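K.L.:
As given, the protein sequences belong to chains Y and W, one line each in that order.
Be aware that the first sequence starts at 30, since it is given in the working numbering, and climbs by one per residue.
Be aware that the second sequence starts at 908, since it is given in the working numbering, and climbs by one per residue.
In case anyone wonders, no lab produced these hints; they're calculated from the structure.
These numbers were taken from a predicted model, which means no experiment stands behind them.
Every residue, glycine too, gets a C-beta built ideally from N, C-alpha and C.
Treat the hints loosely; a few may be bogus.
Computed from the model, here is a short list of chain Y residues facing chain W with C-beta under 8 Å [claimed, not checked]: (1) K71; (2) K130; (3) F133.
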Amino acid sequence: AQSVTQLDSHVSVSEGTPVLLRCNYSSSYSPSLFWYVQHPNKGLQLLLKYTSAATLVKGINGFEAEFKKSETSFHLTKPSAHMSDAAEYFCVVSEKGQGGKLIFGQGTELSVKP
Amino acid sequence: ETGVTQTPRHLVMGMTNKKSLKCEQHLGHNAMYWYKQSAKKPLELMFVYNFKEQTENNSVPSRFSPECPNSSHLFLHLHTLQPEDSALYLCASSQGGETSTDTQYFGPGTRLTVL
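Generate the whole structure from the sequences, applying the supplied hints.
P.N.:
Here's what the structure looks like:
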């Protein structure tokens, strides 16, 4: 069975410092992994997607994530936080043959201090 | 703004009302989804439609009734809701198909409050 665990419910950083949002997954087969962002009162926007190509995936707004099979992790990073990065971030897993069904993590709220 | 639109954006209804949520996608996709997002809970998949056929009903109470008249439109009909049904209802679409793991694109959601 698939599952996703986001290890921090809330992360707070200062503007200009690095961001690390942690995600571990469990999957029977080779999964596809996603990170989505949700700003207040908005829908979810795709940040990046891993589908068994390069293990380091670059996304929008300077975010990237590294797929580590041995650690079953897919952590999201950004070298320098911006105030506009404050939002909720969701790590998501999907398996082939599941009709596109996505399993969402509980979310990590990112706060950025000036 | 994405290629998925939802109306209304906000809805307040009493427990005896009947209302409908509408979703429209302009991306040429074949699969559409309804999700429920409650405070402090992971997103819950409610329904999946692939090529207008319902392929998933995630044990959703019958007071929620989906309708997919074509691949571009998805409705969620609401009847006799409970206060605990208050949540953000998100619609999404994707290319579709049983073997796909393709990206889902989300609408902005409808914030529903049941009094």
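K.L.:
Are the hints correct? Go through all of them and say.
P.N.:
Do the hints match the structure? See the list:
| no. | hint | in the structure |
| --- | --- | --- |
| 1 | K71 | 6 Å, holds |
| 2 | K130 | 7 Å, holds |
| 3 | F133 | 4 Å, holds |
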